[in-house]
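Chemist: The opening residue of the sequence shown carries number 0 in numbering that gives the first Met the number 0; numbering runs sequentially from there.
Simulated from the structure, these hints should not be mistaken for laboratory data.
Note that beta-carbon positions come from the ideal geometry of N, C-alpha and C, so glycine has one too.
Do not take every clue at face value.
What the hints assert, rightly or not - Here are the simulated distance ranges between beta carbons:
id, residue 1, residue 2, range
1, Ala120, Pro382, 16 to 22 Å
2, Glu296, His339, 36 to 42 Å
3, Thr183, Ala120, 37 to 43 Å
4, Gln41, Val218, 53 to 59 Å
5, Ala8, Asp385, 16 to 22 Å
6, Leu12, Val71, 43 to 49 Å
7, Glu264, Ser125, 20 to 26 Å
8, Asp118, Glu296, 39 to 45 Å
9, Glu122, Ala8, 30 to 36 Å
10, Leu390, Asp111, 49 to 55 Å
11, Arg180, Glu300, 25 to 31 Å
12, Ser98, Asp385, 39 to 45 Å
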Amino acid sequence: MNQSRPPIADSSLALLAKGYTWLPDRRRRTAAQLVRTRLMGQHAVALHGPEAVRFFYDERHVERGSALPGPVLSTLFGHGAVHTLDGPAHRGRKELFLSLLTGPQAVAELVDTVTQVWDEAVESWSERPVVLFDEASRILTEGVCRWVGVPLDDADATARDMVAMVDGFATPGPRHWRARRARTRSEAWLAALVEEVRAGGATAPAGSALDAIVRHRDVDGGLLDPHTAAVELLNVIRPTVAVCWFVSYAGHALRTPGVKERLREDDPAYAVAFAHELRRFYPFAPFLGGRAVTDLEWRGEPIPSGTMILLDLYGQNHDPGLWEEPYAFAPQRFVGRPPHRDELVPQGGADPATGHRCPGEDITVALLAALGPRLARLEYDVPEQDLRIPLNRMPARVRSGFVIHAVPTRVPTAAH
0 MNQSRPPIAD SSLALLAKGY TWLPDRRRRT AAQLVRTRLM GQHAVALHGP EAVRFFYDER
60 HVERGSALPG PVLSTLFGHG AVHTLDGPAH RGRKELFLSL LTGPQAVAEL VDTVTQVWDE
120 AVESWSERPV VLFDEASRIL TEGVCRWVGV PLDDADATAR DMVAMVDGFA TPGPRHWRAR
180 RARTRSEAWL AALVEEVRAG GATAPAGSAL DAIVRHRDVD GGLLDPHTAA VELLNVIRPT
240 VAVCWFVSYA GHALRTPGVK ERLREDDPAY AVAFAHELRR FYPFAPFLGG RAVTDLEWRG
300 EPIPSGTMIL LDLYGQNHDP GLWEEPYAFA PQRFVGRPPH RDELVPQGGA DPATGHRCPG
360 EDITVALLAA LGPRLARLEY DVPEQDLRIP LNRMPARVRS GFVIHAVPTR VPTAAH
């Protein structure tokens, strides 16, 4: 059989049925260097491993922007977003995000703002049952909007819209349509704010993300139109709010023997290791997609031009060839051993300065390293609930959202 020809069977339904396990299962069943399949009628191949990460992010091999399906742009990223660009246009827009989201000062300021909101919120937790997923989404929304410079009228409603955009991007049906409606509302709200700032009717705090995006000029020298500016504001706010997935996973992980006790200690290295292990162990992005820009070859296997190329993130993060006991939650694996750039890839791989890797990854790790110990130090009970995390749901989440009953007590503060 000519390996360059697409197989007959389409795997779209299998992907929806199996979710995160679809690609790892396919890889285990084949002896080839790559997995060949079809998705949505298109010829696709799937790769994994650090070498594959470097291959995937090489712009001579793979183009990312043209491979993003319309439904994903209409929910998760937004039409006209930095994710849809390649080459100089992508690098020019990416510099904006790097200036906002990387560097110790930017990270520390956002973490300080979010943890301040967290500490204020925790004071009321003993008065009611708390769904950690929902509460974290509201706290992160309020914190990141303060930091971005965007005024909030209703933090709960905004949080629900941010969550909906993430929750509905990878599935058909009601969740997808909720995501579309949430994006439409959010883009209209922020586009109006951009226009108001430019007209002098509202103020963007100097040095804020709002100020930077309102004033940003692309490589062609033009300002972003209000819609695109709104899209990029959401691409700062929405991913930060999405950290609520990992905060609820943190509650789930603290049930692992010894982890809560260790995290309560004043050990920043362990807190960072805990954050890395949350991102490795728990499911978030199943894979990334791109398109071959020319005829390629991967370890002797042909990849025709135009082929969809998938990078298996979940499979790589649970590969026994890379991780000892990959299905055990073990933060100590990262103590004294920071993960290699292309080894741990929950948010993609390669260099965020030159490729499509998420520039907010440092913020995700710092937020989890700050909020994880705070949660561990909180005295709470975990009532009977459904704590399963179905892997056929994308994005996966704890079914109950992780409900806690905080014990009335003085909440100890943790060092920033």
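Chemist: Does 16 to 22 Å hold as the CB distance between Ala8 and Asp385, or does it fail?
Modeler: With Cβ atoms ~34 Å apart, the hint is violated.
Chemist: With respect to the beta-carbon atoms only, verify the hint that Ala120 and Pro382 lie 16 to 22 Å apart.
Modeler: holds, 20 Å
Chemist: Take a look at whether the Cβ-Cβ distance between Leu390 and Asp111 falls inside 49 to 55 Å.
Modeler: For Asp111 against Leu390, whose Cβ atoms are near 35 Å apart, the range 49 to 55 Å is violated.
Chemist: Given a hint of 37 to 43 Å, does the C-beta separation of Thr183 and Ala120 actually sit inside it?
Modeler: Given range 37 to 43 Å: violated, Cβ gap about 29 Å.
Chemist: Does 30 to 36 Å hold as the CB distance between Glu122 and Ala8, or does it fail?
Modeler: Distance hint for Glu122, Ala8 is violated at roughly 56 Å.
Chemist: May I ask you to test the hint 25 to 31 Å on the CB atoms belonging to Arg180 and Glu300?
Modeler: violated, 42 Å
Chemist: Cβ-Cβ distance between Ser98 and Asp385: within 39 to 45 Å?
Modeler: Given about 43 Å between the Cβ atoms, the range holds.
Chemist: Holds or violated: 43 to 49 Å for the Cβ distance of Leu12 and Val71?
Modeler: violated, 18 Å
Chemist: Do Glu296 and His339 keep their Cβ atoms within the hinted range of 36 to 42 Å?
Modeler: violated, 25 Å
Chemist: At the C-beta level, are Asp118 and Glu296 separated by a distance inside 39 to 45 Å?
Modeler: violated, 54 Å
Chemist: Does the Cβ pair Gln41, Val218 satisfy 53 to 59 Å?
Modeler: violated, 30 Å
Chemist: Starting from the hint 20 to 26 Å, judge whether the C-beta atoms of Glu264 and Ser125 obey it.
Modeler: Taking Cβ atoms as reference, Glu264 and Ser125 lie about 24 Å apart, which means the hint holds.
In summary, the numbered hints that this structure violates are 2, 3, 4, 5, 6, 8, 9, 10, 11.
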